[in-house]
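For reference, the chains in residue letters:
There are 4 protein chains.
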Amino acid sequence: MMFSMLAWNTDDWQIDLTDALTMNRHWTGNGSVADYIPELRWGDPNQLGIVVTSNYGSIKAGDCGMEFTLQSIVKILTLMLALEDQGEEKVFSHVGSEPTGDPFNSIIKLETTSPRKPLNPMINAGAIAVCSLLSGQGVEGKMSRITSFISTIINREVGYSHAVHTSEKETGDRNRALAYFMKDVGVLIGDVDEVLDLYFRCCSIELTCSELARIGYFLAMKGRLEDGCQLVSKATVRLVTTFMVTCGMYNASGEFAIHVGIPAKSGVSGGILAVVPDTLGIGIYGPSLDDKGNSIGGVKLLQDLSKRWDLSIF
Amino acid sequence: MMFSMLAWNTDDWQIDLTDALTMNRHWTGNGSVADYIPELRWGDPNQLGIVVTSNYGSIKAGDCGMEFTLQSIVKILTLMLALEDQGEEKVFSHVGSEPTGDPFNSIIKLETTSPRKPLNPMINAGAIAVCSLLSGQGVEGKMSRITSFISTIINREVGYSHAVHTSEKETGDRNRALAYFMKDVGVLIGDVDEVLDLYFRCCSIELTCSELARIGYFLAMKGRLEDGCQLVSKATVRLVTTFMVTCGMYNASGEFAIHVGIPAKSGVSGGILAVVPDTLGIGIYGPSLDDKGNSIGGVKLLQDLSKRWDLSIF
Amino acid sequence: MMFSMLAWNTDDWQIDLTDALTMNRHWTGNGSVADYIPELRWGDPNQLGIVVTSNYGSIKAGDCGMEFTLQSIVKILTLMLALEDQGEEKVFSHVGSEPTGDPFNSIIKLETTSPRKPLNPMINAGAIAVCSLLSGQGVEGKMSRITSFISTIINREVGYSHAVHTSEKETGDRNRALAYFMKDVGVLIGDVDEVLDLYFRCCSIELTCSELARIGYFLAMKGRLEDGCQLVSKATVRLVTTFMVTCGMYNASGEFAIHVGIPAKSGVSGGILAVVPDTLGIGIYGPSLDDKGNSIGGVKLLQDLSKRWDLSIF
Amino acid sequence: MMFSMLAWNTDDWQIDLTDALTMNRHWTGNGSVADYIPELRWGDPNQLGIVVTSNYGSIKAGDCGMEFTLQSIVKILTLMLALEDQGEEKVFSHVGSEPTGDPFNSIIKLETTSPRKPLNPMINAGAIAVCSLLSGQGVEGKMSRITSFISTIINREVGYSHAVHTSEKETGDRNRALAYFMKDVGVLIGDVDEVLDLYFRCCSIELTCSELARIGYFLAMKGRLEDGCQLVSKATVRLVTTFMVTCGMYNASGEFAIHVGIPAKSGVSGGILAVVPDTLGIGIYGPSLDDKGNSIGGVKLLQDLSKRWDLSIF
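Residue numbers (the numbering used here), protein chains in the order written: chain V, 17 to 330; chain R, 17 to 330; chain L, 17 to 330; chain H, 17 to 330.
Extracted from the complex, chain V is given alone in its bound form (with noise of 0.2 Å):
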């Protein structure tokens, strides 16, 4: 029986969640804090922490009053953002569609793939080629249209954290040789550093679990905020949530789909953003990650309540 919000009750729900986060703490046990990113290995690799968001209200689990960088995460925020700007053709132009079986930082596929864009916009490559189509003013111009629109998606001033935008700035190397390759090859227009600066504050936006829920309730409304106003279309949000499913979790993306069946978009930072779509919003965040680089607490609570629940898309 699939979930069904005329059988909600927040007490039964409640005591679900708990008992699932009771259950799974124990796996951050088996995982480890970032550590690419010196400013994101201050996370506690035994916090976690869950939302979820209906048209009831929120219930939470957990540890879920910390304030966490959205890393990966803002991919599907500014992939909106340039779809609605842009449209899907330009937008399409530059970046692929298609899940790719290698880690979220490789480069090897810009040589090889023809046409040489990047697979698909989850990827660094993609999400750094996605950021260089944004409109606004320079990179503050930019960054203050991405900030607003979460601003007004989950109705709070959100910023972003000045010293995980330094720390990704010292360490980004890996992500400029992707710019630059991608420059090199007529991908990525604009200025290599301010795209990259761009991208790097993006990636340091602060959020909790409770805002990353109401993101995700927003896309399982299908872009409509609670007063009824229509912010993204319903096409955007229907392409940002298949690409949640296809590539949403690096190149786990295909077994998170096998054996949870949501769409969802995690950082390394320990955060993960899904959807039931029409249903619910879910916000986690557990910064001890895989070896792919998910919230190893966060899949294994999300597996639970998927088959608790009946989540699954599939």
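Hints were generated in silico from the structure; no laboratory data involved. Fair warning: there could be bad hints in the mix.
You can't tell identical chains apart in this list, so a pair holds if it fits in one copy or across any two.
Derived pair list, reagent style DMTMM-like, types lysine to aspartate or glutamate, alpha-carbon separation capped at 20 Å [claimed, not checked]: (1) LYS250 to ASP326; (2) LYS199 to ASP189; (3) LYS185 to ASP207; (4) LYS199 to ASP209; (5) LYS106 to GLU271; (6) LYS199 to ASP320; (7) LYS250 to ASP101; (8) LYS238 to GLU156.
Bear in mind the structure is a predicted one, so any value in this text is a computation, not a measurement.
Once you've looked at the hints, dock chains R, L and H against the given chain V.
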């Protein structure tokens, strides 16, 4: 509005289907019939046919009278049988579950990926590895299990084309390369010639559009036959359906998910088997292929129907 | 000062050779005997022997009594014969002439390089393609041409090890993958099983160090036998000698050229055939291999002698 | 018969050289001038000139009056200096010594090879890594060491083209990608912008054919200047000469070794510096390039001379 069985009106849907076929038939002129297996060259590029099966029966449009060989479509049937035979854990110790950005017959990842197993069961290497896991006495015994499995679903004794089987064997050197590579690295167990013979026979099984639609409906019904018998576990069906989304349409799967959003598996003979979960099974035949190896008219037809009837799972 | 035959003094050189062998024998402890072909496991890792042949006769040191199989060393002999049989243009329409940074059994470049032919005749794929070009009636006929070619050079009837041949056939799946891939893309003509059978037999031809040295001396004399007969054209010898420099020592060829500078070809049985143009032929046997597949003691011994006698061509 | 200085007769050789140039000039019509660095487009594709320097002085033919930029030829000069500055062990901890089948600007192997260092110092990535190892205060200090090193060899104050340097900087995004990738994996130490600035300046150093020939003769003399001073160690010269054979002519090095057999290094400006050990230095200018990036007329001219004068080292 999501496609709803409550609103099924055979006459209206038939009009829609006929219209969609008429509107999209011209696409067949933009592709070409597969020529790498000589026997496939006999396909008539102008043909395009579709059957849609639901709880209320079937409707059809276009050229549906022909039998044609399953080719890659059989990969979902052998995967189901292997999963039922050996269990998920055993199967996925021999084949991965991640989509790949590489062509269906690429050998590169077998050398570069660690552990060295094919990325997923929908590419040739993966499907060959799956064939090696099927239970049964010899090639004949295994083959008769597969054909009787399919016969049970479609309620008709099925066979395979000896001409196509011979043609596949004669021109199957790339598949031999894949198989021997897998044998060398220990992923493929058993005699290579026998496994390939079985694989080629499976690819040569002949069905009609109606029968593809019936298998699709069987998957839509989560593995339950029309008499109510649960032939295949729901878990297996879910898994197979998920693979249809992430890797069912060769390396155009990502784009197909975005623009059509229906779990589907294609073959180079021009067949497509599609599944609208809980609702519809669809069988298509159109041997004129696009450059990725998918029925060019079939894809356009499904895209049109997905919009008309709101069939996307996303 | 370049090694000079004018200064050849058998006693002095013998003292040098014995000393070099004594000093370098300990390296055999740092490697290990090839195990991927079961029959090769019988090699005694402690053995190391060398024979140096010049105009003045031969000197030897260490373990030179054994016959061992040629393995990859035969690649230079089959290449010579193919060049004489088919001419340079025909041969190089099936195999390239560029060194590769990839391992000898890599398959990747066959898929990624255009045109799709093996990069050079010293990697397995290239040597198999070369075998397919040899003249002769069937496997037996071609094989007897190769053995009689070698017999003429060393003045002794040669044969091949049936045990090793059987072992190669049983474990030759990677080579089968390479051959079928080449068959598929049209580089390899003829029956794959026959070509591989021939290739495996060639690899199993057994010689001693003295005989390797004699072949080396034959190359040093630009293809002239001791009776003055020009068995192979100078152009063919030059070509083969060049390949020994650019790709003779697997993917350690570049380092070997720098530190040793002598044209050489190694085999995983532990043999090395080396050529000092116009001057010396060298045969080495030492089955303990380094991680690139070259005789670890043999390489060190050649490096030592190259310095002592100033043998580098650079 | 090997080319012999004993038989040197300036008049005869001059006639040969003039004839060879005349016979091969037409090849310039089969190639085209490099266009990926805009400033190089000004080269006149019809030009072809050669200077041959020996113990007896120099002879020349064709268009030898022009200065042109060194481009990749400088890689052998920076490598010599780095080896003298840092020693072999240090240099080869940052760069490998194996030839590669990939193009000079390929990035793939940086990701797939372990350890992750460029395969050799003749491809762009390797040469950039070598530049980062040069001693000297800042870009200016390092650059002045390189130019004074060259000035000492050719006995003339050398400089670099600011126009080409600017053009290289403006279009050097692929090199930036290579450099940042190496920075990311720890192979490249120091500031990327500074290393690339140095690299681009080095590529822009301007010399004439006569001066290339003089450097070639310096290498032929094993690093000894005409006044008898040993400017560079013999070991360093041997190493550099070896690289010229295995990787000096981009990914046509193998073919060049077979058909020409002279250690040589080319640049996309159309220059070739060649060395006949102990005997000759050769400088060539011919900006019309073949599809691998080597001077098309220059290669044919060297092939002709190698046959006429028996110059091959093989």
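Checking an output row: LYS106 and GLU271, CA cutoff 20 Å. Within, between, both or neither? Intra 31 Å, inter 15 Å, cutoff 20 Å: inter-copy only.
Classify it for me, LYS250 with ASP101: is the Cα-Cα distance of at most 20 Å met within a copy, between copies, both or neither? within (15 Å within a copy, 42 Å between copies)
Measure nothing new, just compare the shortest in-copy and cross-copy C-alpha distances for LYS250 and ASP326 to 20 Å and report within, between, both or neither. Cα proximity of LYS250 and ASP326: across copies only (12 Å, versus 24 Å in one copy).
With identical chains treated as interchangeable, where does the CA-CA distance between LYS238 and GLU156 reach 20 Å or less: within a copy, between copies, both, or neither? neither (29 Å within a copy, 51 Å between copies)
Checking an output row: LYS199 and ASP320, CA cutoff 20 Å. Within, between, both or neither? neither (43 Å within a copy, 37 Å between copies)
Status of ASP209 relative to LYS199 across identical chains (alpha carbons, at most 20 Å): both (11 Å within a copy, 16 Å between copies)
Within, between, both or neither, where LYS199 and ASP189 count as close if Cα-Cα is 20 Å or less: Classified as both; 15 Å inside a copy, 6 Å across copies.
Tell me, please, which holds for LYS185 and ASP207 at an alpha-carbon limit of 20 Å: within, between, both or neither? both (15 Å within a copy, 14 Å between copies)
Consistency with the previously given hints fails for numbers 6 and 8, ordered from lowest to highest.
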